[in-house]
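With the hints as a guide, bring the two chains together.
These protein sequences, in sequence, are chains F and B. Position 218 (the first sequence) corresponds to 218 in the numbering used here; numbering is contiguous. Position 416 (the second sequence) corresponds to 416 in the numbering used here; numbering is contiguous.
Errors might be hidden in some of the hints.
Under 8 angstroms between C-beta atoms, here's a sample of chain B residues computed to sit facing chain F [what the hints assert, rightly or not]: (1) Glu100; (2) Ala159; (3) Ile399; (4) Trp430.
Label pairs and their in silico Cβ distance ranges [claimed, not checked]: (5) F/Arg88 - B/Phe89: 56 to 62 angstroms; (6) B/Asp625 - F/Tyr127: 55 to 61 angstroms; (7) B/Gly160 - F/Val116: 49 to 55 angstroms; (8) B/Gly328 - F/Tyr127: 49 to 55 angstroms; (9) B/Trp281 - F/Asn148: 51 to 57 angstroms.
So, partial list: chain B residues that the calculated Cβ filter (under 7 angstroms) puts toward chain F [said to hold, decoys possible]: (10) Leu150; (11) Pro152; (12) Met408; (13) Glu412; (14) Ser415; (15) Ala432; (16) Val455; (17) Asp462; (18) Pro464; (19) Val465; (20) Thr468; (21) Val542; (22) Glu544.
Please keep in mind that the hints were generated in silico from the structure rather than gathered at the bench. No experiment lies behind these values; they were computed from the predicted model shown. Note that beta-carbon positions come from the ideal geometry of N, C-alpha and C, so glycine has one too.
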Amino acid sequence: MATAAPSAPQGGNSHDLRTIATIWVVLSIVGDLAFWFLAGPHIPPGRMSDQARGAQFDFNVLFVIALPVVILVWTYLGFAVIRWRASRPNADEAPVIVPPRTALRIQTSWIAITSVVVIGLFGFGTYELIAPAGAGGGEGPTPIWKPNTKTILPIQVIGQQWMWTYRYPSFGGFETTQLMVPKNTEIAFHVTSLDVVHDFWAYQLGVKADANPNEDDVAYVKPEQLGRFTVRCDELCGLWHGAMYSYGHVVAPTAFYHWATTTEQKLAANTKTLPPFAWTYTPGANGASGSLYPSNVDPYSKSSLYGSSTVKVKQYGASAAQS
Amino acid sequence: MASTITTPVEGSTGAPPPAQRMRNRPAWASQHLGTALIGAVGGYAFGHWIGNVIAAGYTVPQSNGQNDVAVVLGLSLGALGYLIGIGAFNYPIAKMFGREPLPEVAEEGWQRFFRFNLDHKVVGMQYVIVSLLFLFTGGLLAMAIRTELLNPTNHIFGAGTYIAVVGEHGTIMMMMASSVVIGPLGNWLVPLMIGSRRMAFPRVEATSVWLFSAGYLVILTALPLGGFPTGWTGYAPLQNQSTAGMDSYLVGFAIIGMGMILAGLNLGATIINYRAPGMTWGRVPIFVWSVLATTALLVFATPTLVVAGLFGVLDRTALTAFYVNEHGGSSFLWENLFWFFGHPEVYIMALPGFGIVGEILPVFSRRPLFAYKVGAAGMLGVALLSFFVWQHHLFQSGINPDMRPLFMLTTELISIPTGFIFLVGLGTLWKARIRFEPPMLFALAVYFNFLIGGVTGVFLSDVPVNVTVHGSFFVLAHFHYTIMGGLIFAFFGGLYYWLPKMTGKTLNRKLAIWHFWIMFIFFNLTFFPMFIIGLLGQPRRVFEYATRLQGLNDFSSVSAYILGSSFLIFAFNFVWSIYIDPKRAESNPWGSRGLEWQVPTPVPHYNFERLPVVVADPYRYDEPDQGVADFGTFGDPALSPGAAPGERVPHGHVQSSDDSGDFDPRPPII
Chain F
1 MATAAPSAPQ GGNSHDLRTI ATIWVVLSIV GDLAFWFLAG PHIPPGRMSD QARGAQFDFN
61 VLFVIALPVV ILVWTYLGFA VIRWRASRPN ADEAPVIVPP RTALRIQTSW IAITSVVVIG
121 LFGFGTYELI APAGAGGGEG PTPIWKPNTK TILPIQVIGQ QWMWTYRYPS FGGFETTQLM
181 VPKNTEIAFH VTSLDVVHDF WAYQLGVKAD ANPNEDDVAY VKPEQLGRFT VRCDELCGLW
241 HGAMYSYGHV VAPTAFYHWA TTTEQKLAAN TKTLPPFAWT YTPGANGASG SLYPSNVDPY
301 SKSSLYGSST VKVKQYGASA AQS
Chain B
1 MASTITTPVE GSTGAPPPAQ RMRNRPAWAS QHLGTALIGA VGGYAFGHWI GNVIAAGYTV
61 PQSNGQNDVA VVLGLSLGAL GYLIGIGAFN YPIAKMFGRE PLPEVAEEGW QRFFRFNLDH
121 KVVGMQYVIV SLLFLFTGGL LAMAIRTELL NPTNHIFGAG TYIAVVGEHG TIMMMMASSV
181 VIGPLGNWLV PLMIGSRRMA FPRVEATSVW LFSAGYLVIL TALPLGGFPT GWTGYAPLQN
241 QSTAGMDSYL VGFAIIGMGM ILAGLNLGAT IINYRAPGMT WGRVPIFVWS VLATTALLVF
301 ATPTLVVAGL FGVLDRTALT AFYVNEHGGS SFLWENLFWF FGHPEVYIMA LPGFGIVGEI
361 LPVFSRRPLF AYKVGAAGML GVALLSFFVW QHHLFQSGIN PDMRPLFMLT TELISIPTGF
421 IFLVGLGTLW KARIRFEPPM LFALAVYFNF LIGGVTGVFL SDVPVNVTVH GSFFVLAHFH
481 YTIMGGLIFA FFGGLYYWLP KMTGKTLNRK LAIWHFWIMF IFFNLTFFPM FIIGLLGQPR
541 RVFEYATRLQ GLNDFSSVSA YILGSSFLIF AFNFVWSIYI DPKRAESNPW GSRGLEWQVP
601 TPVPHYNFER LPVVVADPYR YDEPDQGVAD FGTFGDPALS PGAAPGERVP HGHVQSSDDS
661 GDFDPRPPII
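So here's chain B without its partners, still in its complex pose (with noise of 0.2 angstroms):
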């Protein structure tokens, strides 16, 4: 079953096919991001329009004098219309009509980026636009934090401008976090690591990314919205009470939410079912692993983000009663409903981060990845692990007492497959021969941050303990250390070290270095103080402080500049080394032995010429002469397998699939 193509799109090669007349329109007649845009203004309008009328004297004074059924009417049907406008449910309708849908054609050139596009390779790099859009408003609302808090008593901001400031900070970041990984080198990568030409559903892969935009575009509204004073945490009886903000909180979380599974589904279906012969379950590079963990968290933990979100929804237009205390409700509900989400979701951002670190680490010591098969039974015993931890945020809300210590065992617990990761990074190291490129400096510096994140979580699952550091700055330096120190490092070690395969460019070494260093410095500088912050009284999110805290929390925010200074170096790496002056890059640059470096840069419409025949893992530095896979295309030098630059390039590295035994005896496919 595996690896079937049997009718790939349309169009790869020969003479355009008629669908092409499509595409010959004008540009404007076209689909593209800015029909999408007119699609989500016009829906918004429209439902804006629904929702007063069907709601009409419904107005309250709590919301500023917003209906909340306008709001969240329109923000649905905009989104709704924004991904009519971008042609997302084009095929479906016309099958639904009985007509032959016009077939997907191969496009080139820049605007693919702005279309709904089905190869994988575009939603991945469409996702990494759209990530750090999020990532770069994100922190610059970071930076609006830190300015806040450089002085106890005197403002910049007023309190709810403030309140909703933090508010945007963390939803947006953790909406990025949960995609940022996932999304751009998931989508990009698994197919050319497994070994397939196409993804499994790349409808609803395509369909993922324009909701993760869609939902981008939700979050921001909360501004001109009035905000929300809730944090991202979204907590009950202040979400009903809060302004029409809360609803672009509630419908924004929906619409990321139904982007994850999507996303979720897709990519588990093929990893699980578009394997190229020979690539088994031991062959499967470790970071394709990480997704298929993290995708049976997206798929089983998410929805129940998205339905606690329509339960707020209905609280506040339908008046229902699901959080509501007085009425029957509970405000347990959504914390339960929310961390049941929310503690895989901070797996969900760090399982693929291990998974780059696992790809990085043994191309750059040469080494074969110490512990393979421990490294991958860590990810999925993680996984698992996640769903039963959800009550250690709750430690002290008046949960059932006797609660306590069973949470408190199951997240001590979770740090033992974590302990794996570890086993797993520093076996690889063992005697290695190091190479300190950007994405290995990157690798390194996930282990020395999440190695304090982790052991502070360790603080934080002790019930004593947590008594004190609960919801104060220690819990914020902590997640920041995991999901910034961990996913975040992860993920521009990622960019580094895959970039080049993506588009096709070098990036500037140098400004790469530089990046690195201010980075993980001020990185530490920043969130280090801030465990001691927290234990010296400090809670989250207040916009007040005791002054003597002061020293502390400036040295933080001064810190905090530099650190957001240095994705300023990145931001004009990637602007200078793509657009302005490229390089262009080798097919190979690292001499990585992964899968998706033996096929040429740019990789190809549908990745591999024939389906290759996986014959090794791809971690066997030690074995230079064994070779990965059967390409099919003998003497093409561009599809060596990994060998370091300067290193002996062996021959007879390919291996043919007559004689080799040990893979799938599954025809050639194509």
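If we strip away everything but chain F, and leave its shape as in the complex, we get (with noise of 0.2 angstroms):
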């Protein structure tokens, strides 16, 4: 430190240059290394599903990033604030000015070196979201990034104000609170609302899609592991968003077909009376418009306007189950 030579701003400089340049390569190095180490393998949303395992590799590659960037800025910051303070010895001598070539070559690498990164970023983060299918994220109704495979389990996801039912149109349609998904099965969701906008959040499988009244918001996911997971309403939704949480199991394919098919036959007088199954159904009359609108719909009736298809399920049967 002492050694900088106040005579010599050229090589002063360099000096200065050379400490923040190894402040920094020493920093990052062992701040990547000991995040990717021993923070990455226990970053939200973990590894249940193939989307959550993507996710965790996303976040901890940016980090990894973002980190020497963030050291970059901050030991510069207090390098500076240490060593050019006006209090120090030698404040007073002229002015180190950096020469125009100078300033223009750092103002040229700055902007080249940030816009490679940025551009890869998105090369990294576009390659991200249509290799694990559209990542869990909601695709909408026609989603353009599909699982590899013939055989998806829909799973209807039906939001209303304060909690969440699902639909499971592959047996019979019945509707539950119980989620229940097959583990190494593709999984759709289909997320939709009956009242307002509400979010889907399936946090430890890394889904995340709107509620949209009248429009069927599909996502998918592939979990690989069995356990509990849970499930939280992300967009406020009114008065008691907060408490609108519940669970959902990811278990064994065998045991899934077995209890979807004893719920259906448990459920089966119920399910008679629901309106058909529909990818999107008309919001309660009481619910979203505040009863202001005339209407002659029933409440949660198949919707008849924009959204409706056809609805072809092909059935889940039990040999999907087994493979």
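Pasting the structure below:
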């Protein structure tokens, strides 16, 4: 530090620059390695599904890129406030002005580096979005990135103030508050709402999709670990938004098939009283629009307006469950 | 065309004009805040009555028995009555009836802050007062939120009260933040910084501050009307379902929005047309560049909000169906319109903060602003790009899926021009001589905080990561880091920096430094844990959460109380140093070269005796002999350009307008 030659600004420049660079490189490498190996494997949402694993990997990669940027700026700021304070000795010497050519070079390389990083991030993010079939996010009624398999189990998620219910169209369309999903199976959550906008957040599965009235929002997920996951509403939906949470379970395919078929039989009488299965339903007459509007449709009826489509559900049979 | 001041408002010098008779009326008869409030109450009562008459039998159970038509008309006519009461329409109405309007009179004394005043410096101080009112109200509500979140299951508020408090906090803070710099500092400083004697449209400017304060009153009425359950985003089906408090939100945002548009029009026109001779685009201070970029956002983005609010009001009163899915509307319409305004809004908040930091850094590091052109380009780039990123708020909403990579790209692109602003700051600090005065501390903290806010923004823009963090406390922490950590820190830095000029009083330095350290440390301790809370799965706006997150939430809450108390230090300092024990400030205490510091304190009514002729950009701290501008007042020591206290004040710094070849040869004016 003391060797910074006050009379040779150019030498002093490179000396300070070397110090900053050394601190930066050391801290970045230590920080990145520590994060990747110590914290990385525990970063939410964990590894319960293909999509969650992808999200965790993505977060870790972004963190490893972001940490050196943060450390660079903080190192520079810290160095500046310590070394370049006005109360330091020799502070009154002639100002060290960056020559215009150097300044131009710094500006050009700054723009170039940030642009390359940003374009790289975009490419990486897009790949990570498309490869795991939309990365667990809601893709709207017409998804374009789908799992590369024919046996997809559709589960309809119906948001309503203030609970979630689920319909299983492959099993006669019964409706329940229990969410059971089979392991190692591609699942399509068809998220919709009967009143206001909710957001279906299956936290450990890495799934998040808005539940919009009159829209079928599809999100794909492939669970890879057995266990319980949290379901929360993630879009403010009124008074008891904070209390709108429940749990779901990833179970073995055979157990799921057993549960689904027995529940279908158990709830057969109830299912008959429900509106026929549809991808969207007309929001309740007493629901979102606050009974302001004249409505001649029953609440929770099959939607006949925008978004309705013929329902074709491939039978999710025993063979698929056991594969 | 620039800087043509043909008919400045009369009465700056000489004998009082005949119009003085208006001001000589007894106080109760002239127009001021009191008459404005009377107008507001009268307007509300009248509108409420009209609404009940024309929409009788319209009461719906969902609205707590409140007739939405009556509430909307009451609030709108109340705001109109407020503006009539303050006298905002005297001039146009007099003109309309072919009468010669009463000229405005330069007023002195504290009363001018409570009147419809056309002096941009008075308007700026009015904005300071209203902004601080907004800030402290929103801050108290934040304390209430943190108190409720102390315990995951035991509740202090009912669910309805809590959701109302959350919505009110968010809306008040957003309204405040949209004007907190552009209003107070933008209005006060821009004419001085560009060497103008006045604003382009003083009446428009004065109307904007009274609309701003009317919006404050309107949004406060949401609480007695039952609050609104939608948060500040006001998502649509819930908006239709909500009680009458929602009308305050919609009307309030529309009123604030109109104020923002007017402020933007006036500031933009002033910057473009009222620059002094020689104030070329290459010499315009960086703060003015940031204001210019912001005015573009204000003028082009805010109308969307006003229109979206109008649609909402029509849905709730006239039974249109803009946002009602089952009748052919779409809830996505609100989401898109709202965020089409909402994302430029974020930069309406952020950009002026960057501008303030760009002004403070060179002064306290005695270095020229590094990469000035890149910085200005960065601000314009951010402003332009901010119109193309709004759908990143809707990544998980079920929008067209191929929109997501596109908006991921635009969102990440915006970090390039934002990076320019970091380049400007870091380059300026290179081998500098940093003086740690309160404004500088705040400016450095902006870089510290905004870096975290910006980097976490990249996480949010990445769609796969967004699946986890969207709508969680992670987002909440992110935007508090950018808005509070960036904008509010910059705002306080700007206040400590410019208040000596604005008020003529010195603020207590020790208290300011205490304020800074408590605010900085406990801001980070409050909001950094929220990143972790969000990652661990806590959604926003909940009032029950997982018990395992109680420790982190409590830590955040306790830090928030101390953070909140740091503002009391500021309030005490403000009141003590300005009103109770005032100490006169020098005209240029920081040794700045900015044009605004070269005029005497208190700043004369029309800023400059005659228009200055600018000869250099304001950041040449490396060339102490270089003058800033020719003020036509040779030898006045009060007008010496920036030299640090104790620094050699060079002679011959004032360049005569006759021998300088590089300024506009327009004739001197007045």
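Each hint tested on the structure:
At a threshold of 8 angstroms, the smallest CB-CB gap from B/Glu100 to chain F is about 50 angstroms, leaving the interface hint violated. Satisfaction of the interface hint for B/Ala159 is found here, the shortest Cβ-Cβ separation to chain F being roughly 5 angstroms, below the 8 angstroms cut-off. For B/Ile399, the shortest C-beta to C-beta distance to chain F is roughly 6 angstroms, which falls under 8 angstroms, so the interface hint holds. Interface hint status for B/Trp430: upheld, as the beta-carbon distance to the closest one in chain F is roughly 6 angstroms, under 8 angstroms.
The beta-carbon spacing between F/Arg88 and B/Phe89, approximately 59 angstroms, falls within the hinted interval of 56 to 62 angstroms. For the pair B/Asp625 and F/Tyr127, the supplied restraint of 55 to 61 angstroms holds, since their beta-carbon distance comes to about 57 angstroms. Taking 49 to 55 angstroms as the suggested C-beta distance range, the pair B/Gly160 and F/Val116 conforms, at roughly 51 angstroms. At about 39 angstroms, the CB distance of B/Gly328 to F/Tyr127 disagrees with the hint of 49 to 55 angstroms.
Separated by about 55 angstroms at the C-beta atoms, B/Trp281 and F/Asn148 satisfy the suggested range of 51 to 57 angstroms. Taken as an interface hint, B/Leu150 does not check out: its beta carbon lies about 14 angstroms from the nearest beta carbon of chain F, beyond 7 angstroms. About 10 angstroms separates the beta-carbon of B/Pro152 from the nearest beta-carbon of chain F, more than 7 angstroms, and the hint is not met. With 7 angstroms as the threshold, the beta carbon of B/Met408 comes within range of chain F, its nearest partner Cβ sitting at about 5 angstroms, so the hint holds.
The closest approach between the C-beta of B/Glu412 and any C-beta of chain F is roughly 5 angstroms, which is under the 7 angstroms cut-off, so the hint is satisfied. The beta carbon of B/Ser415 comes within 6 angstroms of a beta carbon in chain F, closer than 7 angstroms, and the hint placing it at the interface holds. Evaluation of the B/Ala432 hint against chain F yields a held restraint, the C-beta minimum of about 5 angstroms falling below 7 angstroms. Of the supplied interface hints, the one on B/Val455 holds, with its beta-carbon coming within about 5 angstroms of a beta-carbon of chain F, less than 7 angstroms.
Restraint check, B/Asp462 versus chain F: the minimum CB separation of about 4 angstroms is within 7 angstroms; hint holds. The beta carbon of B/Pro464 is positioned within 7 angstroms of a beta carbon in chain F (closest approach about 4 angstroms), and the interface hint is therefore held. Interface restraint check for B/Val465: the shortest CB-CB distance to chain F comes to about 5 angstroms, inside 7 angstroms, so the restraint holds. Checking B/Thr468 against chain F by beta carbon gives a least distance of about 5 angstroms; that is within 7 angstroms, so the hint holds.
Residue-level restraint check for B/Val542 holds (minimum Cβ-Cβ distance to chain F is 3 angstroms; threshold 7 angstroms). For the restraint placing B/Glu544 at the interface with chain F, the shortest Cβ-Cβ distance is roughly 5 angstroms, inside the 7 angstroms limit, so the hint holds.
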